[in-house]
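Just need the whole structure built from these sequences, with the hints factored in.
Heads up: the sequence lines are chains A and B, in that order.
One rule links them: number in the working numbering = place in the first sequence (from 1) + 742.
One rule links them: number in the working numbering = place in the second sequence (from 1) + 466.
The hints are simulated quantities; they were obtained by calculation from the structure and are not laboratory data.
Hints may contain errors.
Pulled from the structure, derived: some chain A residues nowhere near chain B, Cβ distances all over 10 Å [as the list claims (entries may be wrong)]:
# : residue
1 : LEU760
2 : ALA950
3 : ARG969
If you anchor each label on the Cβ, the simulated ranges turn out as follows [unchecked claim]:
#  : chain 1 : residue 1 : chain 2 : residue 2 : range
4  : A       : ALA886    : B       : GLY526    : 51 to 61 Å
5  : A       : ARG893    : B       : GLY613    : 16 to 26 Å
6  : B       : ALA482    : A       : ALA904    : 22 to 32 Å
7  : B       : SER557    : A       : PRO805    : 32 to 42 Å
8  : A       : ALA879    : B       : GLU542    : 14 to 24 Å
9  : B       : ALA589    : A       : VAL938    : 41 to 51 Å
10 : B       : THR538    : A       : ALA880    : 50 to 60 Å
11 : B       : LEU716    : A       : ALA960    : 47 to 57 Å
12 : B       : ALA482    : A       : CYS981    : 56 to 66 Å
To be clear about the criterion: a stretch of chain B counts as covered by chain A if any three or more of its residues have a C-beta under 8 Å from a C-beta of chain A, and this derived list gives those stretches [said to hold, decoys possible]:
#  : segment
13 : 562 to 569
14 : 573 to 579
We put the CB at the ideal spot given by N, CA and C, even for glycine.
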Amino acid sequence: MTARPATLASRAHPFTPLVLTLCIAITALAAAGPLEAGVLYAVTVALAVISGVGRAALRALVPLAPLWFFLFLLHGVMGESPRIDVAGLALSEAGISLALAQAARLGAIATASLALSASFSPARFIDAAAERRWSFAASYLVVATLLALPRFRARAAAILDAQRSRGLRLRGGPLHRLRAIRPVTFPLLLGALAEVDERGFALETRCAAGVTARTPLAPPVDRPADRVVRWLAIGGAVCAMAWRVAG
Amino acid sequence: MSALLMEGVTFTYPGAGAPALRDCSFSAANGEVTWLTGALGAGTSTALLVAAGLAPRHTGGERSGQVRALGTDPAEGAAGLGGRVALVLSSPGAQLSGIAETVAQEVAFAPANLGWPATRIHAAVSHALDRMGVAHLAPRGPATLSGGELQRVVIASMLVLEPDLWLLDEPTSALDTTGRSLLHALLRSEAARGAAVVIASEDADGLHPAADRVLVFRQGRPVVEGAPDEVLRGDAIWAAGAGSTTVAALGRASGVASPRPLTVSEGVRRWAR
Numbered sequence: 743m744t745a746r747p748a749t750l751a752s753r754a755h756p757f758t759p760l761v762l763t764l765c766i767a768i769t770a771l772a773a774a775g776p777l778e779a780g781v782l783y784a785v786t787v788a789l790a791v792i793s794g795v796g797r798a799a800l801r802a803l804v805p806l807a808p809l810w811f812f813l814f815l816l817h818g819v820m821g822e823s824p825r826i827d828v829a830g831l832a833l834s835e836a837g838i839s840l841a842l843a844q845a846a847r848l849g850a851i852a853t854a855s856l857a858l859s860a861s862f863s864p865a866r867f868i869d870a871a872a873e874r875r876w877s878f879a880a881s882y883l884v885v886a887t888l889l890a891l892p893r894f895r896a897r898a899a900a901i902l903d904a905q906r907s908r909g910l911r912l913r914g915g916p917l918h919r920l921r922a923i924r925p926v927t928f929p930l931l932l933g934a935l936a937e938v939d940e941r942g943f944a945l946e947t948r949c950a951a952g953v954t955a956r957t958p959l960a961p962p963v964d965r966p967a968d969r970v971v972r973w974l975a976i977g978g979a980v981c982a983m984a985w986r987v988a989g
Numbered sequence: 467m468s469a470l471l472m473e474g475v476t477f478t479y480p481g482a483g484a485p486a487l488r489d490c491s492f493s494a495a496n497g498e499v500t501w502l503t504g505a506l507g508a509g510t511s512t513a514l515l516v517a518a519g520l521a522p523r524h525t526g527g528e529r530s531g532q533v534r535a536l537g538t539d540p541a542e543g544a545a546g547l548g549g550r551v552a553l554v555l556s557s558p559g560a561q562l563s564g565i566a567e568t569v570a571q572e573v574a575f576a577p578a579n580l581g582w583p584a585t586r587i588h589a590a591v592s593h594a595l596d597r598m599g600v601a602h603l604a605p606r607g608p609a610t611l612s613g614g615e616l617q618r619v620v621i622a623s624m625l626v627l628e629p630d631l632w633l634l635d636e637p638t639s640a641l642d643t644t645g646r647s648l649l650h651a652l653l654r655s656e657a658a659r660g661a662a663v664v665i666a667s668e669d670a671d672g673l674h675p676a677a678d679r680v681l682v683f684r685q686g687r688p689v690v691e692g693a694p695d696e697v698l699r700g701d702a703i704w705a706a707g708a709g710s711t712t713v714a715a716l717g718r719a720s721g722v723a724s725p726r727p728l729t730v731s732e733g734v735r736r737w738a739r
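Structure representation (structure tokens):
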């Protein structure tokens, strides 16, 4: 873990980006059509840029691109009639609408999640939770969940380096690459399981079992702006759900 | 007074065919540095896990016999007995909290869990980092440290608690000569403070001047016990499958009869005759 650059997202109270992300996910699921979902995606990208974690929107495109392509094939090309002509292709009208809505929903959720991950400080979150008298187990669970992906990625990179140093070649044809999956995937999964065990062991030695009242070392300030943003996000998510249920 | 007492302890890991500890009995007194050594698989690391209560509570397995750490059975109480027992593992990376972004936060992790006041934590963290010679690393991220730096930080993260019982498993595995000397001096000063120090290590060269007593383990129990200065010179430690200092090993290989010299200066005196 290295020090992150100070951004609006990293200066915010740790609960604010978390609540925003959850609310964006709920609103995305409630968004009925491509227009609503598209607006939400645009707002999410704008929020990420304003918060100083705009790169998350670009990084999200890596997993999103193949998903979007798959949605286009599944709904746009293979969807039901009636069909419309788009750049010489006869595409399903309803399918394209559905694909756009789902693509925008996924875009909003992926961007918000990666933006949260980019700005998340586990120590600040634990301090904020301790200040609110959360149980240590609950706050650690949130932290472990949010750190799971970056840790998994770091472990994958380390295993890849180790296997390369032992002669694993990743270049070549598809069959060659397919063969390389096993020596990377197996240690990755086994390592992840071992880490869970190791971490529990480590926490026991560090007096983390049965914590009753953890001391917040540097409790983050919960500014009025943070509270306003959180309540607006919660209100927006509730309205979106109500709109969906009513509509 | 014994800070740690084991009487007739047998412990078997889950799925293991044979017990790792067999009818193991020993004690560690306050104010003393007790050194456990032995061949690979002799049971010294397991003895520490049992003493800390992590075996069988965390590892699983079956334990019989009596264990008392600071007067209570560690398998029944909370881990670390509220910070009074410090366990240092041989792989420092495996003992990190996983949430600290700086070394200072890492060292503060356990005291914060115990609910110490923040002012006390900050003072204790600075003191512990200073004693381990890593005060300059306070703002660094734990993931950016070298193995030796990390080992010092993990020891500091236990030192901060001022424990009454130290359990250290190969704590010098990643340390350089300076780090080893620093640790040995620290262990002596902790014993002088009144803490009981139990250390499992094969570092005979470094530990023989620092330990008050050595227990040589074989097949899950101590088979030789005595002052390091006597035990390391003799043949019994070799018969138990453990090793002595580099100079003693050289003497043994050269056919020098016991009592053998332990240090270079002793060897020079002996062989110069």
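Which of the stated hints cannot be reconciled with the structure, identified by number in ascending sequence?
Of the numbered hints given earlier, those the structure breaks are 2, 4, 9 and 10, listed in rising order.
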